[in-house]
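Asks: Here is what each chain is made of, one letter per residue.
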Amino acid sequence: MKIEIANGRLIDPRNDFDRKATLFISGGKVAAIGSTPEGWRSERVLDAGGLIVCPGLIDVSARLREPGFEYKATLESEMHAAIAGGVTSLACPPDTDPPLDEPGLVEMLKHRARSLDCAHVYPIGALTVGLKGETITEMGELSEAGCIAFSHADAPLADTQILLRAMQYAATFGYRVWLRPQDAHLARGGVAHDGEVATRLGLAAVPPFAETIALDTIFALARATGSRVHIARLSTQDGVALVRDAKRTGLAVTCDVAANHVHLCDTDIGWFNANCHLVPPLRSARDRDALRAGLADGTIDLMCSDHTPVDDDAKQLPFAESEAGATGLELLLPLTLKWANEAKVPLASALSRITADPARVLGIEAGHLGVDASADICVFDPDKWWTVERSSLKSQGKNTPFLGLELPGKVKYTLVGGEVVYTG
Amino acid sequence: MANPQLNDKGELTHLLTLEGLPREVIGRILDTAVPFVSIAERDVKKVPLLRGKTVFNLFFENSTRTRTTFEIAAKRLSADVINLNIGVSSTSKGETLLDTIDNLVAMNADMFVVRHGQSGAPHLIARHLSASGRAGIHVINAGDGRHAHPTQGLLDLFTIRHYKRDFGALTVAIVGDLLHSRVARSLIHGLSTLGTAEIRAIGPQTLLPAAVESLGVHVFHDMGDGLRGADVVVMLRLQSERMKGALLPSPGEFFKHYGLTQDKLKLAKPDAIVMHPGPMNRGVEIDSAVADGKHSVILPQVTFGIAVRMAVMSMLGAG
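First to last, the sequence lines map onto chains A and B.
The first sequence begins at 1 in the numbering used here and counts up by one.
The second sequence begins at 1001 in the numbering used here and counts up by one.
Calculated directly from the structure, the hints in this document are not laboratory data.
Heads up, some of the hints might be wrong.
To be verified - Some chain A residues well away from chain B (every beta-carbon gap over 10 Å; in silico):
#: 1; residue: M1
#: 2; residue: D95
#: 3; residue: D97
#: 4; residue: H111
#: 5; residue: G133
#: 6; residue: I136
#: 7; residue: Q161
#: 8; residue: A184
#: 9; residue: A296
As the list claims (entries may be wrong) - Derived pair list, reagent style EDC-like, types lysine to aspartate or glutamate, alpha-carbon separation capped at 16 Å:
#: 10; chain 1: B; residue 1: K1164; chain 2: B; residue 2: D1271
#: 11; chain 1: B; residue 1: K1045; chain 2: B; residue 2: E1071
#: 12; chain 1: A; residue 1: K315; chain 2: B; residue 2: E1095
#: 13; chain 1: A; residue 1: K20; chain 2: A; residue 2: D381
#: 14; chain 1: A; residue 1: K398; chain 2: A; residue 2: E323
#: 15; chain 1: A; residue 1: K315; chain 2: B; residue 2: D1099
Unchecked claim - Covered stretches of chain B, going by a simulated chain A footprint (3 or more residues, C-beta under 8 Å):
#: 16; segment: 1096-1103
#: 17; segment: 1115-1122
#: 18; segment: 1138-1148
#: 19; segment: 1204-1212
Ideal placement from N, C-alpha and C gives every residue a C-beta, glycine not left out.
Next up, chain B with everything else stripped away, as it sits in the complex:
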């Protein structure tokens, strides 16, 4: 199975998933992101790496945060950015997904940043572009269904590396709704590739996908057991539509079992960091005292996210 995001020379042509992305490529992205963090602290926050390039932010699913960070990243690289909030799935009447892409290609797009509610939509677009001889246009997956959110995974890796350094000595606990989480999937693939000592998945059976162990995680249903000795705690967002019904009885009961409180956090290592991809549901998956506490690196994640996205875009745009 050829990796559709690398060219014959092993260079990154799209960023679709962290699965199968070589360790060196991940390392290069993270290394490239380091100087971009400091650019944000300068008076003039711009570099000319993507000058003259046109980036389309193509969001078929609503998102403010991710779209904004991609927009900032592209603008800091001096690209022209067009935001399209399509907000409906391609099955609804009218233009198909690939028709939309063809139209934007005709407007001389250089890069697509795609968020879509269906797993695999960015792969479909990338395949379509190469099949129609437009392999020079790059696709960045900004989240597809439950499948992948590779730039989030990369910024999580960047954050962990920033605070913890050696992945080979780390225990990372990921807590909550892994079933529906593209963030968790991407992070798990990235952590495995970088040789993380132990990755734990913590949640009720209803929120863990089948054969989740096959991704290389240890499953814990008891949060206390799962947090014990962890260096990194990643809390996942629980979508509101999943808080009640057949998956979970109520947000309150979820918080009781799987919400991160200061007491539970004491089971992790004393210098553990707490991460969250945002937006947070305070009092559902995380207590405010933890979210705003000294272990929390949730806001630095956002800052690093821009640098990581700049790194990805600049590497693709330079290729």
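The shape of chain A in the complex, shown without the other chains:
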């Protein structure tokens, strides 16, 4: 199909393109930008007047809940949430049930995702069998099945020797290792940031140095093994400083932050709001400000939703017993725009954090709109504010700290491989 996206402001951060231009799509790819190709006849014209046209969003952490947690969400519901949020590629962590530690599971997931014709799904394989932290997985087989990296999700990996072995093995074959920096012992039982709020509310806490100690360990092992490490979900001011130093010394490390942590801090827990029970915990305002600064200066490479749909029953519990996590695929764009507005970050740089930068970290050919690029596109109205309500979310999970709040940015069209898969 030949599609023309006319009159929009085209922002393609990777190609440093930001101006009003019409985009021509043919055969699933970008055919031309600005000038009409010779002999062109549009089969469909999408009017993007007043709208922004950018590469489809890439979310590096979205839990689709299959297999194992279908009562929380299904591939169908979450893939539709993805395209409704303008997300055209996503990576899913291995913490399913069973975890993604076998090629068969990964193939099944990829097959099911493909049959839905929504976003592209990139599974992240389990680093150890069953995420138990004991035996490393068959990373070769898993890579062939489609895993683009290996991680331990949020499961504790207390044994540093196992971590070393896993990183050595991954480095041998050039596999990427994604790690959430958290000392398993220091974090044990904790559900909130170790500070004023946890003390007031009487919640068991995770000290900030649970993160920095883990970062020191990971960086030492990365230097020793030459492993390509990605730090998932940074949460502290000191953590940002450590990553900045590591990058300055030339360590090949990348890192991300979850959108919620860019906007919220522990005081948002209020009186035990279980929607603010997140992993890592929401930390202090000072930590949040450091994360924002790190995201702006590139210390933090990208922002993700860390999408975790949770059923109501699992949230309707006392704070510490409630399941951690927030739904987020549909909020990634609004929260990026909100951050850009508040932090006075140019729109193109902000959008880079959810398009070009995650593509680079994932090592996938996506996240830009050069000629011949796959036509994965998000067209949105940056000035349209909408209220986050249960009914406005396609995700089966309605659990977000932003319920009831107004956010900017509404997706008008989402295209995957040159096809319009969502119209808002």
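Given the structure of chain A, go ahead and fit chain B onto it with the hints provided.
Replies: Below, chain B alone, put in the same frame as chain A:
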């Protein structure tokens, strides 16, 4: 952040925590409790303020003392009292916490007295009741996790006021395991709201929560320094599971550093009072000679506790 225990008119609808409770409301509760103390000395120890009301004592965590005092308080107000010792956390298999609440609501409960091992459980219940249009049912927090034990805090305030009067001139020392103590948190909030001159927290680093100073206390690791010049000494209970291990090496060593003996008490003001929320571990946090001595007001605390709980229940039930 709206205070979930007050209605639009600023009246008490639940008692969940002393944090953020206005000074006038605390004062009104303490004032209301005064005549209830004398009711206990009468032949007929009953008033009809809650006649026809049903109070559920909902204890997800074991407690004899607190449950009993709530039961006595409710009965003296002529309420019907149902005791439920559920004794397991809501994560164990079976009915969820809110299912339990819905069932009891269907039995026409008027008031829930809730003790739960998890911080925030009473808030969850109160929120659930108002979200489901049953805001007329009241929740009293009888202790949730490490978070709050507001009626204990109130009875402590009542006791201090009874013996000492002016909070603005008082130094109150709280000794022991503040990390795990809901009693300490509630007392600290109450003391701050009433304008206490100085609140001290005394204990080893392992038993003090992070940023405890943010609650408005001065931290002392040396008990002698902390007790010097104190008007009120509040000893906290040390749970047996915390006496050994990574928090403390042994009960004996704890007693040596932080146990209240007559010698240490001499550092406080000559007319200092000694309080303890009970049950006491004699020889661990407090020496028997002090517990039974002339400074001790530990038993009056128990008596006042019933009056204070009557005051809270009657104020909620009348609203």
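Asks: Does each hint fit the structure? Answer for all of them.
Replies: Here's how the hints hold up against the structure:
The Cβ of M1 of chain A sits about 48 Å from the closest Cβ of chain B, beyond the 10 Å cut-off, so the non-interface label holds. Chain B leaves D95 of chain A outside its interface by the beta-carbon criterion, the shortest separation being 19 Å against a cut-off of 10 Å. Look at D97 of chain A: its CB is around 17 Å from the nearest CB on chain B, clear of 10 Å, so calling it non-interface holds up. Every CB of chain B is more than 10 Å from the CB of H111 of chain A (nearest about 35 Å), matching its label as outside the interface.
For G133 of chain A, the condition that its CB be more than 10 Å from all CB atoms of chain B holds, with the nearest at approximately 22 Å. At roughly 31 Å, the least C-beta separation between I136 of chain A and chain B is larger than 10 Å, which holds for a residue marked as non-interface. Taking the minimum C-beta to C-beta distance to chain B, about 23 Å, the non-interface status of Q161 of chain A holds against the 10 Å cut. Under the 10 Å C-beta cut-off, the non-interface status given to A184 of chain A relative to chain B holds; the minimum distance is some 15 Å.
With a least CB separation of 28 Å from chain B, A296 of chain A remains clear of the 10 Å interface cut-off, as annotated. Between K1164 of chain B and D1271 of chain B the alpha-carbon distance is near 10 Å, which keeps this suggested pair within the 16 Å criterion. At roughly 13 Å between alpha-carbon atoms, K1045 of chain B and E1071 of chain B fall within 16 Å of each other, so this suggested pair holds. Among the hinted pairs, K315 of chain A with E1095 of chain B is consistent with the structure: their alpha-carbon atoms are about 15 Å apart, no more than 16 Å.
Only pairs whose Cα atoms come within 16 Å are accepted, and K20 of chain A paired with D381 of chain A is accepted, the gap being roughly 14 Å. Taking the CA atoms of K398 of chain A and E323 of chain A, the gap is near 13 Å; set against the 16 Å cutoff, the hint holds. Simply put, K315 of chain A and D1099 of chain B have alpha-carbon atoms about 14 Å apart, close enough for the 16 Å limit, and the pair holds. With a cut-off of 8 Å between beta carbons, the segment 1096-1103 of chain B has 3 residues touching chain A; three or more are needed, and the interface restraint holds.
Residue count for the segment 1115-1122 of chain B with a Cβ under 8 Å from a Cβ of chain A: 5. That meets the three needed, and the coverage hint holds. As drawn, the segment 1138-1148 of chain B meets chain A at 5 residues by the rule of a beta-carbon pair under 8 Å; at three or more, the given contact holds. Note: the segment 1204-1212 of chain B has 4 residues with beta-carbon separation from chain A under 8 Å; the three-residue rule is met and the coverage holds.
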